[in-house]
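S.K.: Using the hints, position chain B against chain A.
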Amino acid sequence: MSAVVDEVSRPQKPGFGFFARPATRSLVGGLASATAWFVAAALTAFWPDKIESDWAYTGSLAAACGALAVALALAAFASVRFTVFRRFQRLSPWLFVLALFLAAWEVVTAKLGLLPLPFFPPPQAIVEVVIDDWGRLAAGIFASARLLATGYFLGAAVGFVTGVAIGWSRLAGYWIHPVLRFIGPLPATAWLPLAFFVFPSSFSASIFLIALATGFPVTVLTWSGVAGVNSAYYDIARTLGATQRFLVLKVAIPAAMPHVFVGLFMGLGNSFAVLVVAEMLGVKAGLGWYLQWAQGWAAYANMYAALLLMAFLCSGLITLLFRLRDRLLSWQKGLVRW
Amino acid sequence: MVAAPASDDPVRGSTLTLREVRHCFDLEGQPLPVLDRISLQVGRGEFVALLGPSGCGKSTLLRLVAGLDAPTDGSLLTEGREIESPDPSRVVVFQDPTLYPWRTVWSNVALGLEARGLLRTHRGRIEDALRLVGLTGFANAYPHQLSGGMAQRAALARALVNDPKLLILDEPLGQLDSLTRITMQGELVSLWQRAGFTALLVTHDVEEALFLAGRVIVFSQRPAHIKAEIVNARPYPRHRGDPHLAELRHQVLAHLGLDATW
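Heads up: the protein sequence lines correspond to chains A and B, in order.
Per the numbering used here, the first sequence starts with residue 2, numbered consecutively.
Per the numbering used here, the second sequence starts with residue 3, numbered consecutively.
Isolated chain A, as found in the complex (with noise of 0.2 Å):
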């Protein structure tokens, strides 16, 4: 039996007759999604770019929404048959509203070129600068995943047996406690001039601003998880015979596992930030260098490209954490889904 809440059923609304089937619900959000990419299609192909403007990938974007409108439709015609693709009816209205936004920006961009360039670029930019640049963007992704890696498992690895030495033991508590409380909420940012200096690079200035940006929030919910055990748990293990290390490892620290993921989910926030904070000021590598770079040369395509680059890596992470949760954390009822 799985804890977490798939979907929660909600009663069904009385519908009418005919569009209450699955099947039709299915077909005519899968129809009028395909209807709405392809109007953004024929638009792009089919009305000519403002004159004095020359966007290469005008036709590739337009075809690339044909596709798109077609592999829709398909899909739309067979969830009457098949009921697995009719998983895909729940996405059919945010793709039905991101056809007409991307309809709109072409619009307001390429079309009529309301919008002042070079700051609003219009959707085949973006288009162009990931075919055309795409080298120069997986090496900053690779740099970016390298460093936000090496430091976020750095900090939240120190953080975590920090935080359960402080929970468990009052001699690091009257130790450790002042420090965290004094140096703690300083933002990892503040260190950066220092940092700087004083490590032989930039890359592990960079990564011990990253791992004290994570570690933070690690240690303190890992302390407040194993500060927080229910003290009842250890009676029963002492009872049963449990030694001190079977306390630390088979009590404490399972029970306090709940916070731990709070604190590792805060402390990815963190680390993003610094991250590109770091990149941006110190080293030359990485997304946030190459928003910064693409900003210096006012090549603005390129810096909504990484933004959005930037978006997918944080969100991949951050969905990548809750799906270890809910895996580790299965015993737990009504998980936060993400």
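These aren't lab readings, by the way, just hints derived from the structure by calculation.
Hints are supplied without guarantee of correctness; some may be wrong.
Computed beta-carbon distance windows for the label pairs [to be verified]:
1) Leu92(A) x Ser192(B): 55 to 61 Å
2) Asn231(A) x Gly57(B): 19 to 25 Å
3) Arg182(A) x Ala72(B): 30 to 36 Å
4) Ala173(A) x Gly45(B): 43 to 49 Å
5) Gly259(B) x Arg182(A): 37 to 43 Å
6) Pro237(B) x Arg171(A): 38 to 44 Å
7) Ser180(B) x Leu329(A): 37 to 43 Å
8) Gly119(B) x Val159(A): 45 to 51 Å
9) Thr74(B) x Arg171(A): 19 to 25 Å
For each residue, glycine too, the CB sits at the ideal point set by N, CA and C.
M.R.: The following block gives chain B in isolation, referenced to the frame of chain A:
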């Protein structure tokens, strides 16, 4: 072995001796006396109930017997040796089942064996203990999927798997509904008869005490001292409608000053 018939080794429980046990809590610097010179002798395999008004210090006494706390004064001995720390031969079943929510029923029951490094050699005992409490099909369930009665059964299995010589029961049925409670009272008696441990039960339910125990110790209000000791020699299985039990009930209530409603 948990499920071994009692006839192999009829008396496997341990003795328990309390000598002039006093205990105080420290309440903002003021000592608050809880137990007042309690002396008690419990024989091997005996079932003794400690009965008293709530908040009188019965549960504190159990914590001392379990070795979770040390008494302010006096001594507690089992098999002639001083109780200094918790020991798996003396296992407590608390009012709240306190199963670990992150472990399945099976791993909850395995806790004591795991803590002592006996899991590898004594794995089979877990199945036996689950069968004994009627939870065979629920080994892989998580605590939040169990009803109150099932959770308390799992807690009982977690205690029994360690083959205790003294089972300490701190109002173990206090949170159950009355029907489950009646069923589990019967089960407790048959478990005790089969396994042969010494049982020390804290309760504030007069009928429960008389239905289960061979001897009922009546405590006063805090600081608790022993007011009376009532021997209940009725053979098992007992019947709730037994007039002799009703008579004993009257006596117990009189000691508690509650006989006016009789």
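S.K.: Hints first: check each against the structure and report whether it holds.
M.R.: Hint check results:
no.	hint	verdict
1	Leu92(A) x Ser192(B): 55 to 61 Å	holds, 59 Å
2	Asn231(A) x Gly57(B): 19 to 25 Å	holds, 21 Å
3	Arg182(A) x Ala72(B): 30 to 36 Å	holds, 34 Å
4	Ala173(A) x Gly45(B): 43 to 49 Å	holds, 47 Å
5	Gly259(B) x Arg182(A): 37 to 43 Å	violated, 54 Å
6	Pro237(B) x Arg171(A): 38 to 44 Å	violated, 54 Å
7	Ser180(B) x Leu329(A): 37 to 43 Å	holds, 39 Å
8	Gly119(B) x Val159(A): 45 to 51 Å	violated, 30 Å
9	Thr74(B) x Arg171(A): 19 to 25 Å	holds, 23 Å
The earlier numbered hints that this structure contradicts are 5, 6, 8.
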